[in-house]
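Based on the provided sequences and hints, a complete structural model is requested.
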Amino acid sequence: MVYRYFYDCEFIEDGRIVDLVSIGVVDEYGREFYAVSTQFDDSRAVPWVRRNVLDKLPSPGDRVWRSRERIRDELHEFLVEPVRGRPDEQIELWAWYAAYDHVALAQLWGPMPALPREIPRFTKDLRQRWDDQGRPPLPDADAERHDALVDARHNLARWRAMGG
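By our numbering, the letter at position 91 of the sequence shown is numbered 91, and the numbering carries on one by one without gaps.
Just so you know, these hints were derived from the structure itself, not from any lab. Careful: at least some of the hints might be erroneous.
Once the Cα atoms are required to be at most 16 angstroms apart in a straight line, the calculated EDC-like pairs of lysine to aspartate or glutamate come out as [stated by the list, open to error]:
1) Lys56 - Asp42
2) Lys56 - Asp142
3) Lys124 - Asp27
4) Lys124 - Glu92
The following block contains the structure:
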């Protein structure tokens, strides 16, 4: 059996470093996780990221702001809690253009070999699935928002629209 998660990361990247800003994760049953890192380097953000991501983050006093270590620990618990004690059920991760999202997620643990064994070493790509299915109609995204949790919810909606 498979337990699916749909997620999105917002990040700052320069071709060498992928620096997590925020992560939103939803599962097929309505559970959600959202966190904003207190440790990204906003001085490296290009104007588009500053305008469309950083300027739209919750207030710094919001409880969603967390250290990378706390995000890592709480995300791990969120991901494994539903499958704990169910050895025949595996976690599956899905994202839209998944490559960078997976790097941002995996780097919470450091190098790839440090990922806990319960967490997949790759994220399945919804954009590729959509293309493979002949690009069926998908629900519209909220063009005004660029928020990891909103985008994760939209990824779940895309999955469902593709017959998932």
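Hint-by-hint comparison with the structure:
With a C-alpha separation of about 13 angstroms, the suggested pair lysine 56 and aspartate 42 falls inside the 16 angstroms cut-off, and the hint holds. Taking the CA atoms of lysine 56 and aspartate 142, the gap is near 13 angstroms; set against the 16 angstroms cutoff, the hint holds. For a cut-off of 16 angstroms, the pair hint linking lysine 124 to aspartate 27 stands: about 14 angstroms separates their Cα positions. As the CA atoms of lysine 124 and glutamate 92 are separated by approximately 8 angstroms, the hinted pair is consistent with the 16 angstroms bound.
The structure fails none of the hints (numbered hints given earlier).
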